Amino acid sequence: MDPPARPSLGLYDYDYDFLVIGGGSGGLAAAMEAAALSKKVLVLDFMAPSPRGTKKELGGSSFSLDRVRKFLQQTSLLGKAIEDSQKFGWKFKEEVLHGWSELVQAIQDQVKSGISELKRELKSCGVHYLQARGEIVAPHTVEVTDMNGRKRNFKAETLVIATGDKPHYLDIPGVIEYCITSEDLLSQRHPPGRTLVVGGSAEGLECAGFLFGLGMMVTVMLQPGLLPGCDRKMAAKIENHMIVSGVNILHQCSLSKVEQIEDVLSDSFKSEYKILFTIWMGIATRALHLQYCGHCVQVLLAVARKPCTFDIGLECVGVQWDQKTGQIPVNERDQTSVDYIYAIGSVQQGRLSTPGLSRQTGKLLAQRLYGGVNILCDYINVPTVVLTPLEYAACGLSEEKANLHFGEKSVEVYHSYYWPMEWTLPCRNKNSCYVKVICHIPDHERVVGLHIMGPNAGDVLQGFVTAMKCGLTKQQLDSTVGIYPGFA
Amino acid sequence: MATIGQIVFYRRCCRHLCQDPGSSSHNNNMAALSRSRHRWKRIKCLHVFSRNLTGKFDYDLLVVGGGSGGLACSKEAAQLGQKVAVLDYVEPSAKGTKWGLGGTCVNVGCIPKKLMHQAALLGSAVKDAQKYGWQISGTVCHDWPSMAEAIQNHVRSLNWGHRVQLQDKKVKYLNLKGSLVDEHTVRGVTKAGKETILTAKNIVIATGGRPKYPTNVPGAVEHGITSDDLFWLRKSPGKTLVVGASYVALECAGFLTGIGLDATVMVRSMALRGFDRQMAGLVTDYMESYGTRFAWNSVPKRVDRLSSGGLQVTWTLAQSGEELKDTYDSVLWAVGRAPETKALGLDRLGVELNEESGKIIVGADESTSVPNIFAFGDIGEGRPELTPTAIKAGKLLAHRLAGRSAELMNYDNVATTVFTPLEYACVGLSEEEAEKRHGKDGIEVYHAFYKPLEFTVAERDAGQCYIKVVCERGGDQKILGLHFTGPNAGEVTQGFAMGLQCGATYSHLLQTVGIHPTCAEEVVKVHITKRSGLDPTVTGC
Chain A
1 MDPPARPSLG
11 LYDYDYDFLV
21 IGGGSGGLAA
31 AMEAAALSKK
41 VLVLDFMAPS
51 PRGTKKELGG
61 SSFSLDRVRK
71 FLQQTSLLGK
81 AIEDSQKFGW
91 KFKEEVLHGW
101 SELVQAIQDQ
111 VKSGISELKR
121 ELKSCGVHYL
131 QARGEIVAPH
141 TVEVTDMNGR
151 KRNFKAETLV
161 IATGDKPHYL
171 DIPGVIEYCI
181 TSEDLLSQRH
191 PPGRTLVVGG
201 SAEGLECAGF
211 LFGLGMMVTV
221 MLQPGLLPGC
231 DRKMAAKIEN
241 HMIVSGVNIL
251 HQCSLSKVEQ
261 IEDVLSDSFK
271 SEYKILFTIW
281 MGIATRALHL
291 QYCGHCVQVL
301 LAVARKPCTF
311 DIGLECVGVQ
321 WDQKTGQIPV
331 NERDQTSVDY
341 IYAIGSVQQG
351 RLSTPGLSRQ
361 TGKLLAQRLY
371 GGVNILCDYI
381 NVPTVVLTPL
391 EYAACGLSEE
401 KANLHFGEKS
411 VEVYHSYYWP
421 MEWTLPCRNK
431 NSCYVKVICH
441 IPDHERVVGL
451 HIMGPNAGDV
461 LQGFVTAMKC
471 GLTKQQLDST
481 VGIYPGFA
Chain B
1 MATIGQIVFY
11 RRCCRHLCQD
21 PGSSSHNNNM
31 AALSRSRHRW
41 KRIKCLHVFS
51 RNLTGKFDYD
61 LLVVGGGSGG
71 LACSKEAAQL
81 GQKVAVLDYV
91 EPSAKGTKWG
101 LGGTCVNVGC
111 IPKKLMHQAA
121 LLGSAVKDAQ
131 KYGWQISGTV
141 CHDWPSMAEA
151 IQNHVRSLNW
161 GHRVQLQDKK
171 VKYLNLKGSL
181 VDEHTVRGVT
191 KAGKETILTA
201 KNIVIATGGR
211 PKYPTNVPGA
221 VEHGITSDDL
231 FWLRKSPGKT
241 LVVGASYVAL
251 ECAGFLTGIG
261 LDATVMVRSM
271 ALRGFDRQMA
281 GLVTDYMESY
291 GTRFAWNSVP
301 KRVDRLSSGG
311 LQVTWTLAQS
321 GEELKDTYDS
331 VLWAVGRAPE
341 TKALGLDRLG
351 VELNEESGKI
361 IVGADESTSV
371 PNIFAFGDIG
381 EGRPELTPTA
391 IKAGKLLAHR
401 LAGRSAELMN
411 YDNVATTVFT
421 PLEYACVGLS
431 EEEAEKRHGK
441 DGIEVYHAFY
451 KPLEFTVAER
461 DAGQCYIKVV
471 CERGGDQKIL
481 GLHFTGPNAG
491 EVTQGFAMGL
501 QCGATYSHLL
511 QTVGIHPTCA
521 EEVVKVHITK
531 RSGLDPTVTG
541 C
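Each protein sequence line maps, in turn, to chains A and B. Just so you know, the first sequence maps onto residues 1 to 488 in UniProt numbering. Just so you know, the second sequence maps onto residues 1 to 541 in UniProt numbering.
Some hints here could point you the wrong way.
Covered stretches of chain B (chain A as the covering partner; in silico rule of three or more C-beta atoms under 8 Å from a C-beta of chain A) [as the list claims (entries may be wrong)]:
hint: 1; region: 140-148
hint: 2; region: 343-349
hint: 3; region: 356-363
hint: 4; region: 454-468
hint: 5; region: 510-516
Part of the chain A face toward chain B, derived, beta carbon under 10 Å [to be verified]:
hint: 6; residue: D109
hint: 7; residue: R359
hint: 8; residue: L461
Just some of the chain A residues that point at chain B, by a computed CB distance under 10 Å [said to hold, decoys possible]:
hint: 9; residue: K87
hint: 10; residue: G89
hint: 11; residue: K91
hint: 12; residue: V104
hint: 13; residue: S113
hint: 14; residue: G114
hint: 15; residue: V460
hint: 16; residue: F464
In case anyone wonders, no lab produced these hints; they're calculated from the structure. Because the structure is a prediction, the values reported are computed rather than measured. Glycine included, C-beta positions come from ideal geometry on N, C-alpha and C.
Starting from the given sequences, assemble the full structure and let the hints guide the process.
In structure tokens, the structure reads:
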């Protein structure tokens, strides 16, 4: 391994060997691994509350939000399960309703206990943790501002930026005042009611699916598009499934204004918003602006996420970064343009970002630096999962990318619909679950992409990711005996 | 020479058949019987002679048994251009339950089982749902008849589906009970006792197995049911005693408990024989906490019907010899399965059987000791009794018989799932088996307890959710076996089965990026070895 060039220790007296700014999954994984390799480690974690005042704690977006994501999906799935269970012979006396506040309480308790567990674990690993904001002020030096505004300077040999990202607000009148993001969803004290979800990102679809599962009217405004970066055909299938189940989807529109109208409902806590939106007709460049307005009780923004790299003093030490997107370009060793500064997780430019990947990146980074291991993180076979009511999980290339990369002729796509057995009795749609395997023909039909849509897609996919790492081919796929009666 | 020899053999065979009173139809009219027998003999001899003269058979391939394996084999062969017939006949169970085409899996096995398991899971989902804010007022109860009807309708639709598929693929379906006459001839008997003779170049036996009754327990057959009957019961079995500790027993007891019935499992020595001991322990521990009762080290003595209608079961404790009694509504025997090889007439042909199990001894290419006769699926000695293996083996056999490929079935690294309330799935070797093959110092076991995220809000006990990866100790640490208990265990393991097939090592596992937040990601996170003695229980995220 090639250790990064660093000034000799005589010049600097470091407080820490390894300082991580940002306590998300990547940062914590790196910190714990480094601590396990007996380095002195500090993690700085401070997340500014969202404009709607939702506070966040240790663990970053990945820890709390992903837990919440899973819980929300589980809630809507359980709603579905209750429906199904009647077909399986379960009898209910009365109609089943959903209580929002119980759910919020239960989830928040869980998240809290999860965080305290995490803190305990950090302590037991010997990682120092400060709930404070970090800003790079000089080479190897980070200024730490704690909750009360006290400032201290720490010197560290290696710096890791793992600040993660946060939802991006659109620059449209009324957005900051009235819209919420996925982060605020659970701090609402009352059930959200009729909701407009702006943005067709995974996050937006997950929220829409969850709210719809609780029996609310949901409209999704696709802006800019549906699941950017995902396999087009799979995205269309998810959209189709959502439309069939009853979610409204608006195409080719963009939000142009949100304003509050006087409390229409008698109960004063619910206020309705009037939304003005523009429908783009024809080609986007020569758009006919047609302004429409609609009403809804809540607007949830899920347009894009932006890395939190704007206030950590990157320019102060000359780290190259994209001023517009906030992303930091890194090399294959996750190193930035400054030798001793590394960046992991969603702040990296041009790379996928999933919590699993950030953790892997962080862990490998620490192992490379201190453990004498020379394994680079694999950014190709990265599995992602979208927790829509019909779960979607994918690993490797999308069909479009595979075609682009290898040429259409050398790519073979095997695909099939399937009907999970649990769905047979409730008579759910036969052709909604789907698998697609993308193979590279010249390379012994090596599997380069795998897409699954159906219940527990994430669980199903995981093992195949390992298999893909071992160079899975279509022939081996064929020669493996299935588990019956699963659908994998 | 060969021809003459064969003719002599047929003569002998015919004589033998005519002497055997049980081999023909059960017709009360003796005169009609003997007449028909004479006619049959004539027709048969004609058949044999004409065949021997022309060298032509009725079919290229005759499959006896229309279960998952038999159907897969016959459809595959027909697609390869062969003339195929499949014989399927369901002998009603001791309780008179019968069903349609498709074999054990479709009618009295995996499919109804998984659906009932799902019913039980949905029961726990309803309980969980309350923790997630769903407001359910009043008590929730389960109605057996409506579940049974839904499942039975689904099974019937599958029976029909299989018939249609056979027709589409041009496979001749014959509802006949088949028995072998020689290596090219099968005698089929209809329900009414009418006989047909069929000849084929190759004969494949895939008749599978049926549940056994114990032979030394008075009242077992009269008052007990087996898994063949359970799925077709019109009314709830009520308080049930499940005798046996196979996966069938545990699964049945599990879903009965899940839908709110009082279920007890009676185990003589150990549960889930052949599976990893530690994992079997976790599965039964979870079931005990789930509400299933266990009567360990107990041997049933007798079953009596009481005047109240209940069944009184008497059993003894193996160690003390103490005698115990209790009353149940149903007694389900799950003491193993046995093939029905006797009625096939295999001994007459000299097909080699395992005396003890009654199964057919088969080679790696599913061949028996008699040329042109093949056997696979549950009836093959030493073969895993699993639907997907039978399907795969059947397809490969069809390819070999049609001369399209020489590929043999690979019976290694077959993944299995036990659908107990806490599902258990494994692929590869158990820890004990790995230890036996590689020595205690030759293996490294990585393990971890974990807590599925959805269990936390539901406040469910996750004490038995566990992962174990058994690796070789030296070299790349090749993975020998992978064991997983938890929700969706089957789905999780499937991909890893593929990994094992590709020769995955522990370092491959470590380099795999996890999918957050799923249970399966826990597998790629295991890092504590048993050797280290560190605590494998749940920590933070």
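Okay, the hints, checked on the actual structure:
Only residues whose beta carbon comes within less than 8 Å of a beta carbon in chain A count, and the region 140-148 of chain B has 9; three or more means the coverage holds. Look at the region 343-349 of chain B against chain A: 0 of its residues bring a Cβ nearer than 8 Å to a Cβ of that chain, fewer than three, so the hint is violated. Only residues whose beta carbon comes within less than 8 Å of a beta carbon in chain A count, and the region 356-363 of chain B has 0; fewer than three means the coverage is violated. Counting residues of the region 454-468 of chain B whose CB lies closer than 8 Å to any CB of chain A gives 3, which reaches the minimum of 3, so the coverage claim holds.
Check result for the region 510-516 of chain B against chain A: holds, 6 residues qualifying (beta carbon to beta carbon below 8 Å, three or more required). A distance limit of 10 Å between C-beta atoms decides the matter here; for D109/A the minimum to chain B is near 8 Å, and the interface restraint holds. At about 7 Å, the closest approach between the beta carbon of R359/A and any beta carbon in chain B falls short of 10 Å, and the interface hint on this residue holds. The criterion of a C-beta within 10 Å of any C-beta in chain B is met by L461/A, whose closest approach is roughly 6 Å, and the hint holds.
The interface hint given for K87/A is met, as the beta carbon of that residue sits about 6 Å from the closest beta carbon of chain B, less than 10 Å. For G89/A, the interface hint holds, since its Cβ comes within 10 Å of a Cβ in chain B; the closest pair sits about 3 Å apart. Here the hint on K91/A is kept, as its CB sits about 5 Å from the closest CB of chain B, short of 10 Å. With a least beta-carbon distance of about 8 Å to chain B, the hint placing V104/A at the interface is held under the 10 Å criterion.
A hinted interface residue such as S113/A counts as satisfied when its beta carbon comes closer than 10 Å to some beta carbon of chain B; here the least separation is about 8 Å, so the hint holds. Hint status for G114/A relative to chain B: holds, with the closest Cβ pair at about 7 Å, below 10 Å. Against a cut-off of 10 Å between C-beta atoms, the interface hint on V460/A holds, since the closest Cβ of chain B lies about 5 Å away. Because the beta carbon of F464/A sits about 4 Å from the nearest beta carbon in chain B, less than 10 Å, this interface hint is met.
Hint violations for this structure: numbers 2, 3, all remaining hints satisfied.
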